[in-house]
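Residue numbers (the working numbering), protein chains in the order written: chain A, 58 to 452; chain B, 58 to 452.
Among the hints, erroneous ones may be present.
Any copy will do: because identical chains look the same in the list, a pair fits if it lies in one copy or spans two.
Heads up, simulated DSS-like pairs for lysine-lysine below, C-alpha to C-alpha not over 25 Å straight-line [to be verified]: (1) 349 <-> 108; (2) 70 <-> 310; (3) 70 <-> 441; (4) 152 <-> 133; (5) 108 <-> 340; (6) 59 <-> 177; (7) 106 <-> 121; (8) 310 <-> 403; (9) 67 <-> 177; (10) 310 <-> 349; (11) 441 <-> 367; (12) 67 <-> 340; (13) 59 <-> 340; (14) 121 <-> 349; (15) 67 <-> 403; (16) 136 <-> 121; (17) 70 <-> 133; (18) 152 <-> 70; (19) 253 <-> 59; (20) 70 <-> 367; (21) 421 <-> 121; (22) 121 <-> 108; (23) 421 <-> 340; (24) 449 <-> 421; (25) 367 <-> 449; (26) 403 <-> 59; (27) 310 <-> 59; (28) 349 <-> 219; (29) 219 <-> 121; (30) 121 <-> 152.
By construction, these hints were calculated from the structure, which means they are not laboratory data.
2 protein chains.
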Amino acid sequence: MKDITQRFSKTAKSMQRSAIRELLKFTNNPDVISFAGGFPAPDLFPIEKMKEVACEVLDEDGAKALQYGETEGDLKLRKLLVERYNRQGFNIDVKNLVIVTASQQGLDLVSKIFLNRGDKVVCGLPSYLGALQAFNAYGANMIGIRYDAALDSTLEVLQTLKELPKFIYTIPDFQNPSGVTMSEADRRMVLRIAEKYDVLVVEDCPYREVRFDGEHIKTMYEIDNSGRVILLGTFSKIFVPGFRLGWIVAHEKIIDKIVTAKQSVDLCSPVLDQKIAAKFLEKGYLDQNIPKIIENYRRKRDGMIAAFEKYMPEGVQWTRPEGGLFLFITLPDYMDAKDLFDIAIKENVAFVLGNAFFCDGSGKNTMRINFSYMSEEMNTEGVKRLATAIRKLMN
Amino acid sequence: MKDITQRFSKTAKSMQRSAIRELLKFTNNPDVISFAGGFPAPDLFPIEKMKEVACEVLDEDGAKALQYGETEGDLKLRKLLVERYNRQGFNIDVKNLVIVTASQQGLDLVSKIFLNRGDKVVCGLPSYLGALQAFNAYGANMIGIRYDAALDSTLEVLQTLKELPKFIYTIPDFQNPSGVTMSEADRRMVLRIAEKYDVLVVEDCPYREVRFDGEHIKTMYEIDNSGRVILLGTFSKIFVPGFRLGWIVAHEKIIDKIVTAKQSVDLCSPVLDQKIAAKFLEKGYLDQNIPKIIENYRRKRDGMIAAFEKYMPEGVQWTRPEGGLFLFITLPDYMDAKDLFDIAIKENVAFVLGNAFFCDGSGKNTMRINFSYMSEEMNTEGVKRLATAIRKLMN
Numbered sequence: 058m059k060d061i062t063q064r065f066s067k068t069a070k071s072m073q074r075s076a077i078r079e080l081l082k083f084t085n086n087p088d089v090i091s092f093a094g095g096f097p098a099p100d101l102f103p104i105e106k107m108k109e110v111a112c113e114v115l116d117e118d119g120a121k122a123l124q125y126g127e128t129e130g131d132l133k134l135r136k137l138l139v140e141r142y143n144r145q146g147f148n149i150d151v152k153n154l155v156i157v158t159a160s161q162q163g164l165d166l167v168s169k170i171f172l173n174r175g176d177k178v179v180c181g182l183p184s185y186l187g188a189l190q191a192f193n194a195y196g197a198n199m200i201g202i203r204y205d206a207a208l209d210s211t212l213e214v215l216q217t218l219k220e221l222p223k224f225i226y227t228i229p230d231f232q233n234p235s236g237v238t239m240s241e242a243d244r245r246m247v248l249r250i251a252e253k254y255d256v257l258v259v260e261d262c263p264y265r266e267v268r269f270d271g272e273h274i275k276t277m278y279e280i281d282n283s284g285r286v287i288l289l290g291t292f293s294k295i296f297v298p299g300f301r302l303g304w305i306v307a308h309e310k311i312i313d314k315i316v317t318a319k320q321s322v323d324l325c326s327p328v329l330d331q332k333i334a335a336k337f338l339e340k341g342y343l344d345q346n347i348p349k350i351i352e353n354y355r356r357k358r359d360g361m362i363a364a365f366e367k368y369m370p371e372g373v374q375w376t377r378p379e380g381g382l383f384l385f386i387t388l389p390d391y392m393d394a395k396d397l398f399d400i401a402i403k404e405n406v407a408f409v410l411g412n413a414f415f416c417d418g419s420g421k422n423t424m425r426i427n428f429s430y431m432s433e434e435m436n437t438e439g440v441k442r443l444a445t446a447i448r449k450l451m452n
Numbered sequence: 058m059k060d061i062t063q064r065f066s067k068t069a070k071s072m073q074r075s076a077i078r079e080l081l082k083f084t085n086n087p088d089v090i091s092f093a094g095g096f097p098a099p100d101l102f103p104i105e106k107m108k109e110v111a112c113e114v115l116d117e118d119g120a121k122a123l124q125y126g127e128t129e130g131d132l133k134l135r136k137l138l139v140e141r142y143n144r145q146g147f148n149i150d151v152k153n154l155v156i157v158t159a160s161q162q163g164l165d166l167v168s169k170i171f172l173n174r175g176d177k178v179v180c181g182l183p184s185y186l187g188a189l190q191a192f193n194a195y196g197a198n199m200i201g202i203r204y205d206a207a208l209d210s211t212l213e214v215l216q217t218l219k220e221l222p223k224f225i226y227t228i229p230d231f232q233n234p235s236g237v238t239m240s241e242a243d244r245r246m247v248l249r250i251a252e253k254y255d256v257l258v259v260e261d262c263p264y265r266e267v268r269f270d271g272e273h274i275k276t277m278y279e280i281d282n283s284g285r286v287i288l289l290g291t292f293s294k295i296f297v298p299g300f301r302l303g304w305i306v307a308h309e310k311i312i313d314k315i316v317t318a319k320q321s322v323d324l325c326s327p328v329l330d331q332k333i334a335a336k337f338l339e340k341g342y343l344d345q346n347i348p349k350i351i352e353n354y355r356r357k358r359d360g361m362i363a364a365f366e367k368y369m370p371e372g373v374q375w376t377r378p379e380g381g382l383f384l385f386i387t388l389p390d391y392m393d394a395k396d397l398f399d400i401a402i403k404e405n406v407a408f409v410l411g412n413a414f415f416c417d418g419s420g421k422n423t424m425r426i427n428f429s430y431m432s433e434e435m436n437t438e439g440v441k442r443l444a445t446a447i448r449k450l451m452n
């Protein structure tokens, strides 16, 4: 058998390994302080409660928990999530929500039902790498915009070319990778522009509930009332990522097509995990755990920024996220984070090249820094090492 | 927002709900005896052992079990599966195996990395509906063959048209839906023909270990030594389907591309479930449970066939599977199983229209019957009701 790789599909030939997931091998070295992944703090996982709830689910509902489930997801879990959203100000029905195998599958399914090869998607510069990969896997072309204010003119050009995007991809709260949050005014502006050009909006909300400061800003889904917004949610950052459970909130007709597409993709999401998650929600354990996550990550963000202020050389800039797991560093223009990476690894500290998040290949002087995974002490030590590496590159 | 459905991708527009999964709503009526699903018998799920193992995993490895995992799958689970295959006569390495979110995802990922729109796939008449859906979701055209012996001439025609398929899709052991098993001679023949025309073979093996009679026949993966065969395995029928865990065994270069594609699809499969499955394997619980499944399903098959012989009217034919979960009924030519379905539902018995499994639209007088899910008593009662419905349609 020769030339297996020649037989790959067009999209498979263009697929690249995730720069982030490939970096994670460095994190297996215990000497390395890793700011690279997007991992939650494992010491916040509610392991004892998980045992309690898992045993309860298996006792009460074991035969169903281990059987095939409905493609739409466990009905009780869907109802609980819908009620929770409606308590937060949404006005949705169980028909507007489907459980997916983590929000990465949400991105895959939204791509599957909307994108033909060559279709355009508008996204941020930078934007979440996993989303760019999902869109790329369907042959989409990404059009990056640097500021929300550039959206109107970008869509105007695309309209002239008869190349309007299928959707605008956004992460309004504590964006991955930048850590930046869209104001309500900007959300309304994006929706107005989306309406003007009649394009859909995908609102990715993995970090929304992990807010350290300030007030929650309305989701675009809540502001919109035309069925234009597709919201992606997940348990990964507010509960545990290992369950691989997320959900999509959208117009009923979109959910209906997502369910059809999901049948061909994995039939249904992990069932025992869904039933455990539902019981966690029902017992109030989920909502008890989130404040612990917020408090822990807020301290880590504060410690990290304090360390930046103390150790970073002149000319290095960083964002100050109001929530989430990441902040973004911009090095002086003349520097390349790639050169820094090799030095940093020798100093036993890892990060993700910001460049990976820019669909136009820019951002060579940027880096994404995760502050949730390591302890506060390690975060501070890591910043010291990173500052040392930057100084070495500057000289 | 008008015309949401007009915005769907070409493949999404052509997607149809699974006839099987849509039928499952009938099974929610407790009065209906359902032969429709492909559900394992829930009373064979090892619930108590599951509790024991889940608690052990959470105690010993909780932080990792709830965290993101590697895209390739849990290394211990992969090693255990590789060792198990090698004890059965395979000669594979951990590089040849990737964990997927059930073998349905295996079908999706194989499609994703090989199929361009319009590519051909050769499959059986009939063949597994979920596979046809997965191929269809990438815009493939299915070419069905009724007998293995027709493969050579079919490929000859396709070669003349320069339309050779990307792969041949097979389910050699106790095929879904027919229940038929390919002989070793036929497997070797298919491989020789695949080699002659230089096409890949996808060997779907969900039922292989659930053999009631006779000896195991070598997999095509074992017979082949050219890297041409991609084998799909799953825990769904030998352990529990609710975990959504399967695997792909293939040439290292194919696995490598599958892993890249999987990053964009769900990052990794459910992690706690993988660690529980690994411990089940390690403790020998999996291999202790399989004989119970085999014995139970063998009795059910025997009881079902005895009931057919006793109750079915003249002119109705059925297969006698040596394993698996399904048998296939052929009604007299002039009958349409669709007409029968409406009568059968009034008799409180459900099945799947065989037609759904024929990519060429044929098979209108066929039905798939599952014998694993219901009790022996219900199976017999269901056959009685089905026979009554058939007689009503005959008159």
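query: Which of the listed hints are not met by the structure?
result: 3, 8, 10, 12, 13, 15, 17, 20, 21, 23, 26, 28, 29
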